[in-house]
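K.L.:
Here is what each chain is made of, one letter per residue.
There are 4 protein chains.
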Amino acid sequence: MSNIRIGLVGLGRLGMTHATNIAKNIPEMDLVAICSLNQDELTTAQALLDVKETYLDYQDMLASPNLDAIVIVSPSGFHCQQIQLALEAGLHVFCEKPIGLSLAEIDQTLAVINTHPHQKFMLGFMRRFDDSYQYAKQLVDAGELGELTVIRCYGIDPSSGMESFVKFAANSNSGGIFADMAIHDIDLIRWFSQQEINRVWALGKNAAYPELDQVNELETGTAMMQLSDHSMALLVTGRNAAHGYHVETELIGTKGMLRIGAAPEKNLVTLYNEQGVVRPTSQNFPERFGQAFLTEMKAFATSIIEDLPTPISGVDGLQATKIAAACQQSFETNEIVEID
Amino acid sequence: MSNIRIGLVGLGRLGMTHATNIAKNIPEMDLVAICSLNQDELTTAQALLDVKETYLDYQDMLASPNLDAIVIVSPSGFHCQQIQLALEAGLHVFCEKPIGLSLAEIDQTLAVINTHPHQKFMLGFMRRFDDSYQYAKQLVDAGELGELTVIRCYGIDPSSGMESFVKFAANSNSGGIFADMAIHDIDLIRWFSQQEINRVWALGKNAAYPELDQVNELETGTAMMQLSDHSMALLVTGRNAAHGYHVETELIGTKGMLRIGAAPEKNLVTLYNEQGVVRPTSQNFPERFGQAFLTEMKAFATSIIEDLPTPISGVDGLQATKIAAACQQSFETNEIVEID
Amino acid sequence: MSNIRIGLVGLGRLGMTHATNIAKNIPEMDLVAICSLNQDELTTAQALLDVKETYLDYQDMLASPNLDAIVIVSPSGFHCQQIQLALEAGLHVFCEKPIGLSLAEIDQTLAVINTHPHQKFMLGFMRRFDDSYQYAKQLVDAGELGELTVIRCYGIDPSSGMESFVKFAANSNSGGIFADMAIHDIDLIRWFSQQEINRVWALGKNAAYPELDQVNELETGTAMMQLSDHSMALLVTGRNAAHGYHVETELIGTKGMLRIGAAPEKNLVTLYNEQGVVRPTSQNFPERFGQAFLTEMKAFATSIIEDLPTPISGVDGLQATKIAAACQQSFETNEIVEID
Amino acid sequence: MSNIRIGLVGLGRLGMTHATNIAKNIPEMDLVAICSLNQDELTTAQALLDVKETYLDYQDMLASPNLDAIVIVSPSGFHCQQIQLALEAGLHVFCEKPIGLSLAEIDQTLAVINTHPHQKFMLGFMRRFDDSYQYAKQLVDAGELGELTVIRCYGIDPSSGMESFVKFAANSNSGGIFADMAIHDIDLIRWFSQQEINRVWALGKNAAYPELDQVNELETGTAMMQLSDHSMALLVTGRNAAHGYHVETELIGTKGMLRIGAAPEKNLVTLYNEQGVVRPTSQNFPERFGQAFLTEMKAFATSIIEDLPTPISGVDGLQATKIAAACQQSFETNEIVEID
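Line by line, the protein sequences give chains R, G, X and S. Residue 108 in full-length UniProt numbering sits at position 108 of the first sequence; the count goes up by one each step and never skips. Residue 137 in full-length UniProt numbering sits at position 137 of the second sequence; the count goes up by one each step and never skips. Residue 177 in full-length UniProt numbering sits at position 177 of the third sequence; the count goes up by one each step and never skips. Residue 68 in full-length UniProt numbering sits at position 68 of the fourth sequence; the count goes up by one each step and never skips.
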């Protein structure tokens, strides 16, 4: 079989991560076309990655006869439409989370996906592909922890990004911290537990940046969730970690527990200096999840090449967004929200 | 000033910890009398600790003319009455948590305490006196973490105790896991945050020992709490930790975070063996909190000698029990409970 | 420029690691030919990696008109001759450590390398390319540790390999543990310190496998070294680590110290089980140094493409072998050995 | 039996540690008398610890009829004479390491000790009494590590003390870093291995404080040692650790290895701040070994009360000093030194 020819839309930081992997690190894929509203981004990426076709318009890219699949890394508000257009153009689709902003549009997009059963659709929850998460998943599935009772998920961005987020939030809507960030943790809870989430209560507090209260955004939020088998999930989501990019997951079972990323160490170096004994930490998602982004895209390639179901489906995306929305509603009402 | 003469009631594991400290490790205190319903315990303790007076009856001990203070380490159901009688006998009182089982009897006991303002009353929340907790408290109070936003507390007993707990629970009432165990964590939340707790939602699951469902007991519970300044608290309480005695507290603030007992290491030894790189862990509360129990009792002595307020008051005990009761009610109703 | 066309000799575990990287993970390189004395290895690798040319004879491979460079991963005894032949055939050469077994043949090989200045020669000390070692090197070079005073290097293979080594050693000569294993650590000492090693004393002990005494092999050895600036190096080399593959390097300077691989963690997972708090560990060199092997080969490609000096020269190989030989001599005589 | 009545000489930092333990924390001992050349120290300690008798002259203290035992914490140069005088006065003796400065005077002191077999003599190697070291010793003696092959010992003082040491060294003689500091590590090697040390090579380097070269003192030294069963010991001794008081011991055996104090954590707190993930560290010997000093002195009391041999004998002191002297000689000659 010849290589999978990719058209990619969205050339922000994550877009460039995917573009670089496709162009340089996955022999089975060729980065044939890139699309962005920003000509400078196109020019830079084309030079760097030696891409043949560049497009300012997404539908123009879809009209190219040289593509097998589309990788969507554009702002979330474009996802649903871009998924639908790509599927209708007969192409496979990889889309970054979330599928869409509202449950209504996601439902509609799932219907479109279902009417194209011979094209692959895969959603980008990269954490599942991280070596440490894979290792943990194997232990859980092998019963090493016994039956799970509690799952704790932290996802906290580095405080170095707070200033720019506050500016962004003054004029834009992130969708709320639960949909914007905790959605990864919600997916992990579903993936590890193989349960659905029934009830949530969410809280939030702005302490360092009280101005976020005005725009209904959160610096830090928490949620507690009851799962269908009565397991419990605890979630901390935030944007203000002084030590870096803190993604941590804990699984407590009847026979043992484990933590992924409790530190979260940048590498195998330990410093002994005036501060004490120090483990340097990961500072951002490309650093922490570089291997996961690559493995994820390889999994998409494998699904196409071997005509297998993709590991992350539209339903996974729908459920995660549904629960994130419930968290947001719970935070706004300060009451428990049931998920049907 | 001569030494403080102590009468101690209750010679279980914790009772013997306090008795040994008073008899052997605190020069300012003498263990003059001990009381237990169990003659064997009395005989053993008397021989071991060289105690002059032994009593099968608590009121007989109170009648001794040789006492300055009473240390109560009896089952919780006796606490309120024993506190009252000791105070009425003119003695200072140190009482293990909780003050009592019901809010009504605790309220009444507080009234008695208030009518004896010249006698010291101190409640035993030993964790506050642990060196690591003291170190953390100083950092928090010095502002090193900025403003607190999230507090996470774990208190999980070793699974080695599960079998005997299941037997105990078949015939007895622990008061529920929140009142029995999480009360320490609740006190820590109040101590670190200097806030009151307004709303709680609590969950629970029995997985390894489903028979606990029958007796309304829990193997593992969680709770989320909203504090008066909108800070958030997350709590895991359990009886089934394979690795030992897991008491951990995390404080997340706007400038940094810290964890106490994340491991929780038995000592400074690291093993490199077929399992990997292993830190042996504490297995029980006397091992983990030996230093704290001693420092706590010394603090009681200092309060008496220097006529200072005790560091932990009856109100601290009342509030902790009130919140534990709210957790239990929330778990039973699966609804948020407000604390007035 | 078109891709670098590689012929690779030696298809053992490390040979397959390099072959796979060249074939699958380095777009700038093509694996055109493979050579092995073992037809089964050739057949397997050809199928797995889609290689066009296979050779049972090294000189036949050199005669292929389709090659730009040779990668040598054969047994050490063949290295010198294979380097010389490849250079004389006009090809670039990457060779796994060591260059050769005796200082005499290495000296002669260096002379051949010097007479082909327009062909690249690079020796494989992969540890230098590991992300953690790179991070440490940058800190050292930036002066973060001040002036180095002590370097400690551990390289201990997992005990899982002991049985097969004992069988191997009964009939073969590894060259001694210092030349076979510690040579990596010796290179690191030179790399970090930028000093030469002047004096060494080496010791050894066989405890679990005393039969190794008969064949002049070692289960565990140590060495202390004095560097040209009077810095000190301590080295432990072994074959019997119960917990896995233990490669650790410590750098002590006047302003701080650091350790690489003190644990050495397999990933970011921490287990809490009956053993205590456990970090699973790397079990072998492909697991621990997978990223380093890839980066190393990419560096070789870059040297060719951009016509730059290779990062590891023949002199680096000569010096490391010289010091390893001094260690071996010191162990055998139990006296300090000077290196001129 | 009535309490052991102690006279203590030397009221520096370590002297006050012992004095406080005897006066406040060991019920079986009474601190009856203290002796110092410094009247201010005497006055302060008397007030603080409520001591009856104070002496500016050691022989005057020995003349007191109220003493059972002498605790010697004076400068090392006085030890031999003070031991001898105390024994001749019929008293038990606890003496801080070392017994004396020269092997000749130590030999003579051992002869005096031997002529007083009914009086206890104990040397102060407190590390043996540290809980972590005790735990490790039990594992070793139970065979958990198999047969020992390598012992690594670090003892590095915090750099906060460097400035004052450089001033001290300008006018005084510490006895050399091996006798002054590494003697503790040498004792640990003998204790864990139950072997004698046969051959040593020692090195040293002054980097931050080259002026120490002028006074024959060392900022950092290393030594390698061959033990009687051919086990190997590696030693780093220093005065310049940026992160605090670094005492670490590693034991490598055929079945596993362990490290004591690899971090060396101040307590159970982990910080997550701008530096990364930080374990605060012990800053000095009273902080790190507070428990060990107390347990050590209790062991001395038990030896007297139960008429048992003391756990650390004069021979232990002689051997440690002998090896430290060999290290110093080896450093000065840059040759291996044999110990007979």
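Mixed in with the good hints there might be a few duds.
One copy or two, either will do: identical chains are not told apart, so a pair holds if it fits within one copy or between any two.
As the list claims (entries may be wrong) - No farther apart than 30 Å at their CA atoms in a straight line, the calculated lysine-lysine pairs in the DSBU-like style are these:
{"id": "1", "residue 1": "Lys255", "residue 2": "Lys24"}
{"id": "2", "residue 1": "Lys167", "residue 2": "Lys298"}
{"id": "3", "residue 1": "Lys24", "residue 2": "Lys52"}
{"id": "4", "residue 1": "Lys24", "residue 2": "Lys322"}
{"id": "5", "residue 1": "Lys167", "residue 2": "Lys255"}
{"id": "6", "residue 1": "Lys322", "residue 2": "Lys137"}
{"id": "7", "residue 1": "Lys52", "residue 2": "Lys167"}
{"id": "8", "residue 1": "Lys266", "residue 2": "Lys52"}
{"id": "9", "residue 1": "Lys266", "residue 2": "Lys97"}
{"id": "10", "residue 1": "Lys255", "residue 2": "Lys52"}
{"id": "11", "residue 1": "Lys137", "residue 2": "Lys167"}
{"id": "12", "residue 1": "Lys322", "residue 2": "Lys52"}
{"id": "13", "residue 1": "Lys322", "residue 2": "Lys266"}
{"id": "14", "residue 1": "Lys97", "residue 2": "Lys322"}
{"id": "15", "residue 1": "Lys52", "residue 2": "Lys137"}
{"id": "16", "residue 1": "Lys298", "residue 2": "Lys255"}
{"id": "17", "residue 1": "Lys24", "residue 2": "Lys167"}
{"id": "18", "residue 1": "Lys266", "residue 2": "Lys298"}
Worth flagging that the hints you see were computed from the coordinates, not collected in a lab.
K.L.:
Can you name, in rising order, the numbers of the hints this structure does not satisfy?
P.N.:
Those not satisfied are hints 1, 2, 4, 7, 8, 10, 11, 12, 13, 15, 16, 17.
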